[in-house]
Every structure is written in C-alpha cells, then in structure tokens.
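Work the whole structure out from these sequences, hints included.
There are 2 protein chains.
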Amino acid sequence: MPSLRDAIADDLRAQIAAGHLEAGARLPSEPRLAAQYKVSTPTLRNALSLLQAEGLIEKIHGKGNFVRHPLRRLTYTGGLLTPDTDLYVTIRTTNLRARGDLIPLLKVPSRTPLTEFLYLTHQRESPHSLARIYVPQDLVPAKLPWRRPGWAETQETVTARVPTPEEASTLRISSTLAVLAITRVSCDTTGRVVEAARLVLPGDRANALFISHHTTEERGTEE
Amino acid sequence: MPSLRDAIADDLRAQIAAGHLEAGARLPSEPRLAAQYKVSTPTLRNALSLLQAEGLIEKIHGKGNFVRHPLRRLTYTGGLLTPDTDLYVTIRTTNLRARGDLIPLLKVPSRTPLTEFLYLTHQRESPHSLARIYVPQDLVPAKLPWRRPGWAETQETVTARVPTPEEASTLRISSTLAVLAITRVSCDTTGRVVEAARLVLPGDRANALFISHHTTEERGTEE
DNA sequence: GAGTGGTCTAGACCACGAG
DNA sequence: TCGTGGTCTAGACCACTCA
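Protein sequence lines correspond, in order, to chains W and P. Under this note's numbering, the first residue of the first sequence carries the number 18, and numbering increases by one thereafter. Under this note's numbering, the first residue of the second sequence carries the number 18, and numbering increases by one thereafter.
Hint data in this document are derived by calculation from the structure and do not stem from the laboratory. Just to be clear, a hint being listed does not mean it is correct.
Pairs count within a copy or across copies, as identical chains cannot be separated in the list.
[What the hints assert, rightly or not] Here are the simulated SDA-like pairs of lysine to any residue, each with C-alpha atoms no more than 20 angstroms apart in a straight line:
#1 K124 <-> P153
#2 K124 <-> I228
#3 K80 <-> L50
#4 K76 <-> S192
Below is the structure:
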C-alpha cells in the first residue's frame, strides 16, 4: 500500500512525463492541489518535496511551484563545464585572509591575503552550479579565466553529500538533493599551491568526467 | 534566523561530534526529544531526517533512532580503495550476455558473452561499497584482480544521486543518503573496451581522488 | 494588499519490534 | 501488550513576490 504522498508524487510525475504539465509551467497553488487530491497541505507539500529532490520541480517562495526544464546534464572535465553554450556566469570577487580550512588547503600561513572568486552559473535563468576559487593575492592573474602556464599537477577530491542550507537556497534545490562536491587543488612545479577551488554541482544536472592515460610502466604493474 | 529544525539538528550534530551521544547509542524517543526541545513531533522528526540524510543517525521503525558508527572515509583512487586494511571483500561471479545499458557501455553487440564480478566490501561487519565489473568473456583474466597490461585509457564518470532501493538495502543505508556513483570504462590501445565497472560508494564513507599531471603543451593553453 | 510558499502546532491513528 | 517510529490532519502565523 503506497502512502498518499507517494501516490500523489507518482501522479504528478506521470503528468509531467506525459506533457500535461509543460516545462516552465506553474503548478496550481498548494492549497488548490491539496483540495484536488483531498489531502492536507503538509501531505501535499511532502509529495512536492519528493519531486523537488528528483529535480522535477522548482519551488520559488512567493511565486509558486514550477516544472523544471528537462535536465541537460553538463559534464565537468578538467575544470570546465561542457557545453558552455547558453550558460551564464556571475562572478563576485572578494579579498580576504586565509583562515580555517583554507590554511591547510592552500598550504599557506594564517592570514595570508587571498582573493576569492565566487562563480555562480545559470542555465536558462535557473541557477546551475556554484564554485568558490581561492588564489593567493600575489598570483591573481590580470585577466580571467584562470588556467595558467606553470601548473604542474591538479588533485581533485570528489564526494557526494547533501547541500548546506546556503547552497540549497542559492542553487534553489531541495536540501535533500545529492550534490557532487569537488575540491580541486593545483600546484606548480615547486609544489606551491597556485589555486584551490570548491565546486558544488547538483547531482541531477551534472556529471564529472575524468580521463586517465596509462603509461607503459604503469601498465605492467600487478595489483 | 535559523529554523527550529536546523537549530535542533545543529545541536544534535554537536552532541554526536562531542561524544555525548556515542556510536550505536539510541537517542531518546521522538516524543521525549520533542518535549526536551519544546517543539512538536513533526518538527523534531524534520530535524532527525536531516541527520539521517547526512548519515549521522539510522532510524529503525519500532526500535528507535541510533547514532551510526563513525565514518572512516575511504578514498577511491585509480580503481583501488585505500586503506584496504580490515576491508573484507565478497565476490560473486556470474556469466551473462550483453543487453540494455551494457551494450553501449562496453561497445559490444547485443548478447555478447560477458562475465560480471560483483564486489561487496565490508568494513567491521557493515557493508561499505558495491561494485559491478563487466569483462568480455574472452578477456577474463585467469586470476584476479583485474588491472592488466595492455590498458591505454580509463574514463571515469562520476555522479551524485540517491541510491536505488536495492542499493540502499544491500548497503544498509538510508534511501536519502547521497551516494557517489562511478562508471569506469577502460580501453586498450586499439580502443576496445576491456572492462566496464559501475561503483556505488556511500557519500558519507568514501571520497574519490583524481590526480592529473599537466604536460608542457597543456600548460601553455589559454581558456 | 492579495496570493504564494515556509514553518510550526497539537493532536490522531497506524505499523513495526520486542518481551 | 507496550513503546517505538510512520503518516496524516486542519488549522495558525510568517515571509516573500508582485501589482
């Protein structure tokens, strides 16, 4: 016996899949939908939150619930998102001093002057991904983007988690939707960290792709 | 102004981190906790569901809410999990024929004979990660593990999502806990796929690490 | 100001686990 | 049988958006 919220979610999913509710369309208001399905508003909201966690709808406070555009998955590869056509980017630059997690991440002393670039990408007006990039202030390039000569090695640590409340609200995703969190650290040939980045990609809209080529020496090794 | 559920979740998180609530311990019952925090039971349950999605607690119907054992994060690097000390592995081998998703993944014709290796790793009696590895039957190595000479390139596609119901039950995790899903495809020098793998790593217990070295030509490129 | 979603309450009833 | 979590109700009040 499926619960009411699952039954309602199934019904709405089917309506979206069948095209009865088009991408971008606004759903009836929550009290209206609750009356239609003969349930209380919390139960209906529970059903909607399932759809939100799947990335099917977007809730906008004060405006309504909207059917999301079918997800075009973007692929993150080597620091770039593809395709980057109709992807809008907002950048905010802040100067700050190293503290907390940033100190071991960038391997710098406390209070080292840093520049933070906050990237917020949008796809068709809806937020898509979030990146915070930290660069020691004496290395800040004169013009963006960043990838510069002199880089020798990049380490990317990938984890899956739920977004923090701030991430959820800026990306307008449910706090239960899985995100791909990537911490990227790039060093130059001397081992100095030239850039550290924290990326947050909603799991339903992005993949990350890593390609490695095996050299002959590596190929011969056994376990 | 943080919401009540976030404030309660923060408090419980802090208590778990501080060791006031030990691993394996049962939390007070939900009505009791609700009274303690002076909130209604739905609000308290809302807070608990946040902790559940983070993998901090496990809800067992009819028994209670339990603090999960502290996560020892394992790191996945280039096809291996480290550290592999006290990590137990169960392997099940099955012969089957290519169908569905496996056909494009391995770039083989339909019904090509394949061998599937199902890996289930355990850490301290509790399931840790799940891997399904597919190899064309004529390439199955005489002895395990797999990494063989002749491999030229490996592509790894990483995504974050919630587990399927089967994955949630075999890994004994909540269906709201994010997992890292990695699809790994390895080719030989002729471009033939010699192995494809689907890995599922619970987000609270595993990272994936990718290291790339930049060659001199790459280092010169702009944008 | 009117309409929307966001949060919260104070209950009720059901389903599961263990003695 | 008892205590647990799971679901649901019928409201209340607040915060946000837009005219």
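Report the numbers of all earlier hints that the structure fails to satisfy, in ascending order.
-> none
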